[in-house]
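Put the two chains together into one complex; each comes in its own frame, and the hints tell you how they fit.
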Amino acid sequence: MDFVQDVTPELASSRFGVASASNASAGASAGGALGGASADGARKSGRARKISKALRRVDAATRAEVAAARLDSFESDVAIVPGTTGEGEGEDEDDDEFVFNENARDGEAVIVKGKKKAGKRTTRGVAENRRAVAARTFNALLEQSFIDRAPEGTPTYLTAAAGPSKAGAPRKFCSVCGFQAPYGCARCGMRFCSKKCSAVHAETRCLKMVG
Amino acid sequence: MAPKRGARDGARAPSTAADRPAASSLRGDVTVVVDLGGSSLKLCVAEDGATATRSAPNASARVKASDGAGFVTLRGEEIDGVVDVNGLALRRPCDRGYVVHWEQQREILDDALRRTLGVDPTRCDLIITEPPFALPRTREALDEMVFEYFGFRRALVTTPAKLTKRFADFVDAKKRDAKDLCVVARSGVVLDCGFSFAHATAFVDGTEVPRGIKRLNLGGKALTNYLKELVSFRQWNMMDESAVIEDVKEKMCYVADDALAELEKCKAKRGGTVKREYVLPDGIHVLRGFVREDSANKRPKKKVPKEKKVKIPKKDEPEHQFLTLVNERFMVPEVLFHPSDIGGRQCGVAELVTQAVENEDLSNEAMRALAYLDVIVTGGCSKFPNFMERFERELRPLVSESYMLRIRQMDDPIQAACLGGVDIAKDREFFEKHALTKEEYLANKTSIRAAHESLEFEPNVRTGRLREYAATPNLKKLDKKRIIEDCEKLTPSFERDIIHASA
Numbered sequence: 001m002d003f004v005q006d007v008t009p010e011l012a013s014s015r016f017g018v019a020s021a022s023n024a025s026a027g028a029s030a031g032g033a034l035g036g037a038s039a040d041g042a043r044k045s046g047r048a049r050k051i052s053k054a055l056r057r058v059d060a061a062t063r064a065e066v067a068a069a070r071l072d073s074f075e076s077d078v079a080i081v082p083g084t085t086g087e088g089e090g091e092d093e094d095d096d097e098f099v100f101n102e103n104a105r106d107g108e109a110v111i112v113k114g115k116k117k118a119g120k121r122t123t124r125g126v127a128e129n130r131r132a133v134a135a136r137t138f139n140a141l142l143e144q145s146f147i148d149r150a151p152e153g154t155p156t157y158l159t160a161a162a163g164p165s166k167a168g169a170p171r172k173f174c175s176v177c178g179f180q181a182p183y184g185c186a187r188c189g190m191r192f193c194s195k196k197c198s199a200v201h202a203e204t205r206c207l208k209m210v211g
Numbered sequence: 001m002a003p004k005r006g007a008r009d010g011a012r013a014p015s016t017a018a019d020r021p022a023a024s025s026l027r028g029d030v031t032v033v034v035d036l037g038g039s040s041l042k043l044c045v046a047e048d049g050a051t052a053t054r055s056a057p058n059a060s061a062r063v064k065a066s067d068g069a070g071f072v073t074l075r076g077e078e079i080d081g082v083v084d085v086n087g088l089a090l091r092r093p094c095d096r097g098y099v100v101h102w103e104q105q106r107e108i109l110d111d112a113l114r115r116t117l118g119v120d121p122t123r124c125d126l127i128i129t130e131p132p133f134a135l136p137r138t139r140e141a142l143d144e145m146v147f148e149y150f151g152f153r154r155a156l157v158t159t160p161a162k163l164t165k166r167f168a169d170f171v172d173a174k175k176r177d178a179k180d181l182c183v184v185a186r187s188g189v190v191l192d193c194g195f196s197f198a199h200a201t202a203f204v205d206g207t208e209v210p211r212g213i214k215r216l217n218l219g220g221k222a223l224t225n226y227l228k229e230l231v232s233f234r235q236w237n238m239m240d241e242s243a244v245i246e247d248v249k250e251k252m253c254y255v256a257d258d259a260l261a262e263l264e265k266c267k268a269k270r271g272g273t274v275k276r277e278y279v280l281p282d283g284i285h286v287l288r289g290f291v292r293e294d295s296a297n298k299r300p301k302k303k304v305p306k307e308k309k310v311k312i313p314k315k316d317e318p319e320h321q322f323l324t325l326v327n328e329r330f331m332v333p334e335v336l337f338h339p340s341d342i343g344g345r346q347c348g349v350a351e352l353v354t355q356a357v358e359n360e361d362l363s364n365e366a367m368r369a370l371a372y373l374d375v376i377v378t379g380g381c382s383k384f385p386n387f388m389e390r391f392e393r394e395l396r397p398l399v400s401e402s403y404m405l406r407i408r409q410m411d412d413p414i415q416a417a418c419l420g421g422v423d424i425a426k427d428r429e430f431f432e433k434h435a436l437t438k439e440e441y442l443a444n445k446t447s448i449r450a451a452h453e454s455l456e457f458e459p460n461v462r463t464g465r466l467r468e469y470a471a472t473p474n475l476k477k478l479d480k481k482r483i484i485e486d487c488e489k490l491t492p493s494f495e496r497d498i499i500h501a502s503a
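Protein sequences, first through last, are from chains A and B. The UniProt record's numbering applies: residue 1 is where the first sequence begins, and numbers increase by one. The UniProt record's numbering applies: residue 1 is where the second sequence begins, and numbers increase by one.
Pulled out of the complex, with its shape left as it was, chain B reads as follows (with noise of 0.2 Å):
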C-alpha cells in the first residue's frame, strides 16, 4: 500500500512530485481521456485504441487493513478488489454530479493516471468531461486540478453528451450511413442518464444549444437509495449496504412496459414471474452476490412435497440469505419515467427531451424536426432491460407526428463519451485548435476566471472549453440540398421553413 499522500497540500505540484512513482517509468507523449463521472471514472490513452478503456469507481473506501491490524484507504480500481462487500462505504467526491471534494479526487485521479495507465501527467495532453453547468468555482477547481496539480501540457474541457455525440456520429456511425443526414446536418439529442442526474442536450449544427440542456435531478444514486429504502423497509435493513444494494439494482431491476398492468401480474400467489431471489454475500461462501436461478417459477408448480424441497437446498448450500424482489424489480426504474411515483416535481426522461428540444432557441420547425431525428441514449441508467422500447413508446406520443422520431442507443453506454474522446484525440488538427495550452492557462489565469465567473455560455476567451464537438464536416458532395431533401423524405408532412434550417 502507498503511502498517505499530502493530500492537503495538493495543489503546488513540486512539493507533491517528490514522492511519487518515479516519473521516468511512466509513458508520455501520449493523449490521455478521461470521462470523469459521478459513479465511475472512465479512462484511456487515446493512442492505445477504442479496446483500451478502463473503467474505476470514482470513490474511495476505508476498509480494515488484510492483516488485521488499522484501516486503509483504498481508491478507484482497488475497490473492484475487496473481498467483503458487506458494509462498504464508498466515499465519493461528487456531489450532485459536480466535484466538491477536489483533494480527494485528486488522489484518485492521479492513482488512476499513474498506476492504471501507466502515464506521466507532465508529459501528456488530456481531454476530460465535466457535467454541463458547472458553476464557476468549480470549473477553476478543475483547471487548477488539470494544470496545477497534474501540469498537463493541454487539455480539452468538454461535457461527455459531445463525446458521446461525437463518437456516435463519426464512430458508430460507421455501421449506418456515414452520410446520414444527422450526421452532414450534425443536429440531434443526446440523452445521457447516469448516476447523479440525466441530461438532455439539444444539438444544432455541431453545438450544445444552451437553452436545450435540461437536467433531471435523478440518476442511479438515487434509484439505488430508494432501493435501499425500500428493501429496509419490507424486508432486512440494508441502509448500510450501497454497494450491495447497488449490485442488486444492477442484476435484478428492468424497466416494464406499464407499471400498472405489471403490478397486477405481482398480485398473482408469490409474487407470479417477477419474482426474484437475490443470495445476499455473507462475506465467506457468498462473496458476491447473485440472482438465484430456480426461485422464479418452480416453488408454485411443486406444492406437494413441500417439505422435502425445504430440506434439500439447506444441505446443498449454507444457510444463504435472501433479498426476494417483486414489484421493487419495476417499480424502481420506473421513477426515472414517473418521477412523481416519488414525491419529485420535475418531468420523466421523455418528456425531458422534449423540454430540451421545444425551447425558445430551437424555435425553427426545422431545427426541431432535425433534432428529433437523431436522438442517441447514454449513461448507465439506460442498461435497464427494456429500457428503450419503454422510452421510444413513452416518447412518441409526446412529439409531434409531423418530427419523425430516431431512437438508438449506445452499444456501451458507459464507456461510449470515453470513445468519443479518443476520437477527437486522434484529430489532432481539432484537439489543437480546441485545446488550452498550459502556458496559455498560466498567462491568462485572470481572464479565464473572470470567463467562468461572468456564466457566459460560450465563453469569448479560449478557456479550453469544448463548444464544438466536430469540425464541419466535408460538404462537397454533400450540399445543403441533400439535407433538405433527406429532411423531407423522412419527416412527411414537413414543407416549410426547412430554408432556415440550413441557412
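Bound conformation, chain A alone (with noise of 0.2 Å):
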C-alpha cells in the first residue's frame, strides 16, 4: 500500500481552522465519486481508515510556520513548551484526524472533525491569560501604530530590520545532538545525523512538532 500522501492545501488551510465540515464532505463525496469510477481494482467498502500521525507528511507552510512559532517562542520570557501550552493555532487541529476513505483516490485523505477531547485541553485560566498577555505585546503594539502605511521610504521600525544573508545556504545541524546532520525528517524536515538521532527524533520531536 502506497501511504505517500500529499496534503493539499485546502486540507493543509484546514489546519489553521479554516475550511468548514462541509469543505471536507464535499471532498469526501467527490472523492467518493471519482473513486467509484476508477477501475483500478479499489475495495468498494464504505469503510474509513485512519492513517497513523506519522504517516502525515507536514507542508512546507506548515513547517515554516512551526519554525516562525519557535524563533518567537525564543523572546518570550515564560517557557512555551509547544503542544502543553498550546501556544499558537496549534490545538484545534489535533482533534482532526486523517482518514483515508478507500472509495477516494489513491493517496487522497479527508479530514473528518473529531470528537474527542474538544473541551479537555486548556482550562479556562489558561485560555484568558493568554488573552490578557495577547493585548499587551509588542507586536499588538505595531500592528496598532500602522506603521507600514508610512509614506514610502520613511524609515521605520518595519524598514530597519536587517535583510537577508548573501552568504550561501544555510548550515545544518542535527535537532538532537548538534553536529553536522546529512539527513533531513521526510515527514516534518527537521535535521538528524544519525540512526540513533533518527530514532530519538521520531520518538520525541517529530510527534511534538505538529501536536
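Think of the hints as simulated: they come from the structure by calculation, not from any bench. Do not take every clue at face value.
[As the list claims (entries may be wrong)] Each computed EDC-like pair below joins lysine to aspartate or glutamate, with the alpha-carbon atoms no more than 16 Å apart:
no. : chain 1 : residue 1 : chain 2 : residue 2
1   : B       : Lys426    : B       : Asp48
2   : A       : Lys166    : B       : Glu358
3   : A       : Lys172    : B       : Asp48
[What the hints assert, rightly or not] Listed next, with one range per pair, are the computed distances between beta-carbon atoms:
no. : chain 1 : residue 1 : chain 2 : residue 2 : range
4   : B       : Glu401    : A       : Gly153    : 29 to 39 Å
5   : B       : Glu392    : A       : Ala140    : 36 to 46 Å
6   : B       : Ser66     : A       : Glu143    : 40 to 50 Å
7   : B       : Glu401    : A       : Gly163    : 47 to 57 Å
8   : A       : Glu152    : B       : Ser25     : 50 to 60 Å
9   : A       : Ala202    : B       : Glu456    : 11 to 21 Å
10  : B       : Ala443    : A       : Ala140    : 26 to 36 Å
11  : A       : Lys166    : B       : Glu458    : 45 to 55 Å
12  : A       : Gly153    : B       : Tyr254    : 36 to 46 Å
13  : B       : Ala443    : A       : Ala61     : 52 to 62 Å
14  : A       : Thr204    : B       : Leu442    : 54 to 64 Å
15  : B       : Gly283    : A       : Thr204    : 45 to 55 Å
16  : A       : Lys166    : B       : Tyr254    : 25 to 35 Å
17  : A       : Thr204    : B       : Tyr254    : 21 to 31 Å
[What the hints assert, rightly or not] Anything over 12 Å on all C-beta distances counts as not near chain A; from chain B, calculated:
no. : residue
18  : Gly49
19  : Lys269
20  : Arg270
21  : Glu277
22  : Val291
23  : Phe322
24  : Met404
25  : Ile407
26  : Lys445
27  : Ser447
28  : Arg462
Please read all numbers here as calculations on a predicted model, not as lab measurements. Each residue gets a CB set at the ideal place from its N, CA and C atoms; glycine is no exception.
Pasting the structure below:
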C-alpha cells in the first residue's frame, strides 16, 4: 500500500481552522465519486481507515510556520513548550483526523472533525491568561501603530530590520545532538545525523512538532 | 517590604506622591542617567562620576516571602538578593526590546531612583535611553512617564548607540589619540549586541544615518531561550529555569573561531577539551551555580582507578546535579553570526554592520570609508569570550579591501552607554540646548505627539530626542585638510570622493 500522500492546500489551510466541515464532506463525496469510477480494483466499502499521525507529511507552509513559532518563542520570558501550553493555533488541528476513504482516489485524504477530547485541553485560566498577555505585546502595539502605512522611504521599525544574508544555503545541524546533519526527516524536515538520533527524533520531537 | 503602590493610577503623579518616602531626605539638583535596557537598568547620578554606575535587573519577580507567608514582589536590585534562584521567573516590562508594561516599568524605575540612587525626580534632570524606531505610542508613554509621573525638570531622550559613541569618542578616546580622525569626523558604526536585539548604527557627522540603523532580531534573551531548549531536550528539563540558564550561558558559552572545526573536536571521547560541567544550584548547599573546575581534562586520563574516583567526590561534596555542556557551549553564540542555524531569515552581526553602512543614505565612498574606520562593539553579548576576534574575522572579508577597518570593543560593554550619558550631563551647554523642559513638554504636548505620529526621523519640533551625540568639536587646528590626509593615509587605495566627505 502506498502511503505517500500529499496534503493539499485546502487540507493544509484546514489545519488553521479555515476549512469547514462542509468543505471536507464535499471533498469526501467528490472523492468517493471519482473512486467509484476508477477501475483500478479498489475495494468499494465505505469503511474509513485512519492513517497514523506518523505518516502524515507536513507541508512546507506548516514547516515554515512551526519554525517561525519556535523563533518567536525564544523572545518570550515564560517558557512555552509546544503542545503543553497550546501556543498558537496548534490545538484544534489535533482533533482533526486524517482518514483514508477507501473509495477515494489513491492517496487522497479527508479530514473528519474529531469529537474526542474537545474541552479537555485548555482550562479557562490558561485561555484568559493568554488573552490578557496578547493584548499587551509589542506585536500588538506594532499592529495598532500602522507604521506599515508610512509613506514610502520613511525609515521605520519595519524597514530597519536586517535583510537576509548574502552567504549561501543555511548550514544544517542535527536537532538532537547538534552535530552536522546530512539527513532530514521525511515527515517534518528536521535534521538528524545518525540512525540513533533519527530514532530519538521520531520518538520525541517529530510528533511534538505538529501536535 | 514597601506597601504595594497604586500602580493603576500611576499616571497621576500627585495621588501617588503621598505614600512615597519623604522627598526631603532625597537628593535634588543632580542629573540622573538611565539606560533603560531590556535586561537591566543601568543608572547613575552624573555628578558622582563614572564610578557610581549601578546596574539592576529591569524586571520584577514574585517569590515566597521569607517568613513563609504569601508572596512578595521584588523589583530591580532586590532580585539580585534572592536566595533560591531555582524556578525564579522574571517578569520584564519590555517585549522585544521596547517597553510595553508601563505600570511595571514605572514601579521598577521608581524603586531604582528613590531607593538605589536616593534622588527626588521632581528636582532632577534626566538622560534616558530609548531604542531606535520606538513606536509613536511607546514614545508618548515614555514622555508621559518622565514628565507627568516622575516630574523631571528637564529630560533628554536618546538611543544607547549615541551615548556609546559619545563615550567612545570623548572619554575612552583619551587612551588613544584624542585627535583621532574618527573623533574629528564624528563618524563610525556602533554595533550594540543587546539582550533583545542587535543594532548596528552608522554615524556621519555626529548624527545617526536614518537608513543606517539595522536591527537583527536576536539577542541575549533568544540565546538563553535557545540554550534552555537544547538543554531541556538533551539533559534536564530546564524550561522554567531561565535565571539559571542565563547564568550558565554567561559562564560557559564562548564563540568558536570555526564552529565546524570545533564540532569535530567535540567528537573526541567524552567531549574532548570542550566539555565543561556546571554545578546546578539546589537551593541548600549550592545557591549559585558554578563551573566545575576539574571536569575538563582529568577524567579521561585517569581511567584506571575509575571506581575510586567515583566514590571520592561523593564524600567531599553533597550530591550535586551537573549540567554537562559540550557543543552547546559555542553553538549557542554561533547563532549571532549565523541566525540561519536556528531558522532565522536575517544575516549575522558581521553582515549587519555592512548593511548598516552600505545603504542608500551613505552612497558616498568617503563616508563609508570613514564609517568603517571606527566600528565600536558594545552590548552584553559582546562579552562572550572570543567574540571580538571572530567578529573581526567575519567582517573583514565582507568589506571591500579599499576600506580600512578598525574595530574596538568597549571595556565595559554594559555600562558604556550610561557612562556616555554622564559625559553629556557634564557638558551642560550641550545638554541644556537639546533637553526638553517640563514646561515646554506641557505646553507643546500636542505638537510633540504629532511629531511622534508622523514618524519623522528627525522631528522638526523639539521633542527632547537627541539628534547628535556631540556638538561639533573645535576644529581650529584640525581642519578638513587634516581629515583628508589622515583618511588617505589610512585607506591606501582611496583617492576620489574624499572632498565630498568633508564638504
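To see whether the hints hold, each was checked on the structure:
1. Lys426/B / Asp48/B: Holds: Lys426/B and Asp48/B sit about 11 Å apart, inside 16 Å.
2. Lys166/A / Glu358/B: 13 Å, holds
3. Lys172/A / Asp48/B: Violated: Lys172/A and Asp48/B sit about 51 Å apart, past 16 Å.
4. Glu401/B / Gly153/A: 29 to 39 Å: 32 Å, holds
5. Glu392/B / Ala140/A: 36 to 46 Å: 39 Å, holds
6. Ser66/B / Glu143/A: 40 to 50 Å: This hint holds: roughly 43 Å between Cβ atoms.
7. Glu401/B / Gly163/A: 47 to 57 Å: 23 Å, violated
8. Glu152/A / Ser25/B: 50 to 60 Å: 55 Å, holds
9. Ala202/A / Glu456/B: 11 to 21 Å: 55 Å, violated
10. Ala443/B / Ala140/A: 26 to 36 Å: 32 Å, holds
11. Lys166/A / Glu458/B: 45 to 55 Å: Cβ of Lys166/A to Cβ of Glu458/B: about 30 Å, so the range 45 to 55 Å is violated.
12. Gly153/A / Tyr254/B: 36 to 46 Å: 42 Å, holds
13. Ala443/B / Ala61/A: 52 to 62 Å: 53 Å, holds
14. Thr204/A / Leu442/B: 54 to 64 Å: 59 Å, holds
15. Gly283/B / Thr204/A: 45 to 55 Å: 29 Å, violated
16. Lys166/A / Tyr254/B: 25 to 35 Å: Given range 25 to 35 Å: holds, Cβ gap about 26 Å.
17. Thr204/A / Tyr254/B: 21 to 31 Å: Given a distance of about 28 Å, which is inside 21 to 31 Å, the answer is holds.
18. Gly49: 34 Å, holds
19. Lys269: At roughly 15 Å from the nearest Cβ of chain A, Lys269/B sits farther out than 12 Å, so the non-interface label holds.
20. Arg270: For Arg270/B, whose nearest Cβ neighbour in chain A is about 14 Å away, the distance exceeds 12 Å, so it holds.
21. Glu277: Glu277/B is indeed farther than 12 Å from all Cβ atoms of chain A, at 17 Å.
22. Val291: 20 Å, holds
23. Phe322: Label holds. Min Cβ-Cβ 18 Å, cutoff 12 Å.
24. Met404: About 22 Å separates Met404/B from the closest Cβ of chain A, which puts it past 12 Å; holds.
25. Ile407: Correct as stated: the minimum Cβ-Cβ distance to chain A is 19 Å, above 12 Å.
26. Lys445: 19 Å, holds
27. Ser447: 19 Å, holds
28. Arg462: Holds, since 20 Å exceeds 12 Å.
The structure does not agree with the numbered hints 3, 7, 9, 11 and 15 stated previously, though it agrees with the rest.
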